[in-house]
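Participant: Single-letter residue listing:
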Amino acid sequence: MNTLARKLIAKDFYLHRWLIIGSTVAGLIGLLIAAEGKIRFNIGMLIWLTTIVGFGVVLAMFAIANERKERTLQFVLSLPISHGDYVRIKVVGLMLCFLLAWAILSAGAVTLIAVMPNLPDGLLPFAVLLCGFLLANYSVVLCGALHTASEGMMTLVIVVTNMAITLFIFMVGALPSLNDHLQAPAPVWNSTFWNVLAVEIATLLVTLSLPYLVAARRRDFN
Amino acid sequence: MTQTKHIEMRKVRKGFRFFTLEDLSLDLEPGQIMGLVGPNGAGKSTTIRLLTGLIAPDAGEVRVLGHLMPDNQAIAKRDIGFVSDEMRLFGHATLAWHMQFVASIYPGWDPQYAKTLVRRFNLHPEQNVSGLSSGEHVKAVLLLALARRPRLLILDEPTSGLDPVARHELLGEFMDVLRDEDRSILFSSHNTVDVERISDRITFIDRGRLIDSSDKEDFLERWRRIQLQLPAGAKLPDLPHVVSRVVDGQFVTLTTNRFSPDFLSFLGSGVREVQRMSLEEIFVANVMHHREARGL
Numbered sequence: 000m001n002t003l004a005r006k007l008i009a010k011d012f013y014l015h016r017w018l019i020i021g022s023t024v025a026g027l028i029g030l031l032i033a034a035e036g037k038i039r040f041n042i043g044m045l046i047w048l049t050t051i052v053g054f055g056v057v058l059a060m061f062a063i064a065n066e067r068k069e070r071t072l073q074f075v076l077s078l079p080i081s082h083g084d085y086v087r088i089k090v091v092g093l094m095l096c097f098l099l100a101w102a103i104l105s106a107g108a109v110t111l112i113a114v115m116p117n118l119p120d121g122l123l124p125f126a127v128l129l130c131g132f133l134l135a136n137y138s139v140v141l142c143g144a145l146h147t148a149s150e151g152m153m154t155l156v157i158v159v160t161n162m163a164i165t166l167f168i169f170m171v172g173a174l175p176s177l178n179d180h181l182q183a184p185a186p187v188w189n190s191t192f193w194n195v196l197a198v199e200i201a202t203l204l205v206t207l208s209l210p211y212l213v214a215a216r217r218r219d220f221n
Numbered sequence: 000m001t002q003t004k005h006i007e008m009r010k011v012r013k014g015f016r017f018f019t020l021e022d023l024s025l026d027l028e029p030g031q032i033m034g035l036v037g038p039n040g041a042g043k044s045t046t047i048r049l050l051t052g053l054i055a056p057d058a059g060e061v062r063v064l065g066h067l068m069p070d071n072q073a074i075a076k077r078d079i080g081f082v083s084d085e086m087r088l089f090g091h092a093t094l095a096w097h098m099q100f101v102a103s104i105y106p107g108w109d110p111q112y113a114k115t116l117v118r119r120f121n122l123h124p125e126q127n128v129s130g131l132s133s134g135e136h137v138k139a140v141l142l143l144a145l146a147r148r149p150r151l152l153i154l155d156e157p158t159s160g161l162d163p164v165a166r167h168e169l170l171g172e173f174m175d176v177l178r179d180e181d182r183s184i185l186f187s188s189h190n191t192v193d194v195e196r197i198s199d200r201i202t203f204i205d206r207g208r209l210i211d212s213s214d215k216e217d218f219l220e221r222w223r224r225i226q227l228q229l230p231a232g233a234k235l236p237d238l239p240h241v242v243s244r245v246v247d248g249q250f251v252t253l254t255t256n257r258f259s260p261d262f263l264s265f266l267g268s269g270v271r272e273v274q275r276m277s278l279e280e281i282f283v284a285n286v287m288h289h290r291e292a293r294g295l
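Chains H and P supply the protein sequences, listed in that same order.
Counted from 1, the first sequence has number 153 at position 154 by numbering that gives the first Met the number 0; the numbering is strictly sequential.
Counted from 1, the second sequence has number 72 at position 73 by numbering that gives the first Met the number 0; the numbering is strictly sequential.
No wet-lab data here; the hints were simulated from the structure.
Only a predicted model underlies this, so the values are computations on that prediction, with no experimental measurement involved.
Treat the hints with care, as some may be off.
[What the hints assert, rightly or not] Restraint ranges, calculated between C-beta atoms of paired labels, are given here: (1) Leu45(H) - Phe15(P): 25 to 33 Å; (2) Phe169(H) - Gly40(P): 13 to 21 Å; (3) Gly107(P) - Val57(H): 31 to 39 Å; (4) Val198(H) - Gly107(P): 30 to 38 Å; (5) Leu155(H) - Gly14(P): 43 to 51 Å.
[Said to hold, decoys possible] Residues from chain H that face chain P, not an exhaustive set, calculated with beta carbons under 10 Å: (6) Leu3; (7) Gln73; (8) Gly131.
All C-beta atoms in this analysis are idealised placements derived from N, C-alpha and C, irrespective of residue type, glycine included.
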């Protein structure tokens, strides 16, 4: 990655620094509430989950859709970069921006479950899968934002990915090979866990590769 | 050794659903200011988007500073300063941050010149861009383009929305850029007064086609409006190079695009007045003549 690309990535970090910091703090507050006991656990985790999902959506909208809508994209594209460079820089830069908050909040959630005495460690595999799903989910939103200039399409992507979180929690959480071990005193890393994780990683790789294969090759940039 | 042309467009075509830019050929030599003039929807912005690599031609070839566009746009844009009236800076960052950001990218950034422009444009670097007025915003974008000392400045309607004083200041800055003979400017506008003031070459474009391109002085010398009074019962013969003729009884007003003393002597003693035309009048007459010729 060349110097200009690094500067443009640094630019995204600078412009979205308060969003990254604010979301990380909000998510950590959620985790602190969750640590207060079993009743508050659900409220805290809901705040944690909403924060990560909301952060991803707002980041993609601000950094890509709004850049296009507010015509700051013209300024960025007046710099010595190609369309392909722009797409690659956005994928790497916005993924890193998201990863910073996601990594802290995911590590916090996993640590919370591991250290809280009244929570079974059997929850850990599901928590790891949920964190992986949130990362894959963000990559879908990012991929959508890089491919469409239509607000309607982008809204559809956001609605679908948000619905997918609820579906994931209910469907994957209900898989007997995972659900049966949620209350276990020790985590069970069985084949179902690894299969779901593999699907999440595959989704992540596909959605992060698509912009390189499609959006970066566009000859017209509107 | 021949210098590389700063802009070369050869038989360029770019089609959209309701508009097509057709068969556009255009050259800009180093040291020139070209005014690209056309009514709204003529294709000025499309031409500029092709030149800045934002879109690719369907046919033909676009070269900027010798580089094929859009394929080699990253290299070409190292020496291009592009400003559009639609371009926006990041609202939540200060002008100082933008200056530092652009300076870190362009080795040719001139900090002294940037400071001079900040003073001349009465800008406040510590102010957030979101707090700038529209005129200040255009000045800020221009500052960022000018202070990097580009070899080619491409300006898409840069003075629209500016008050007369600000326009006057900016046009002065553009002239300043040209003190270096290796620099050039392509300047699109529908404001013919601005174009007439600073351009030394003018290209007229209308409905996706180039209709005329020449030196400014050449346009001003070639175009004349001639008032004639014909003798009673006389009829004016068909004349070459007459783009419009308005007859009111014995009085005829001719507009020619190839004025010469020979043309005048051919008209004889009936000539009452020969008027020079402003660029705006030439532009309108040119556009109407070409639309008529194309049956539009």
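Participant: List in ascending order the numbers of the hints, as given earlier, that are violated by the structure.
Facilitator: Going through the list in order, the structure violates hints 1, 2, 4, 5 and 8 and respects the others.
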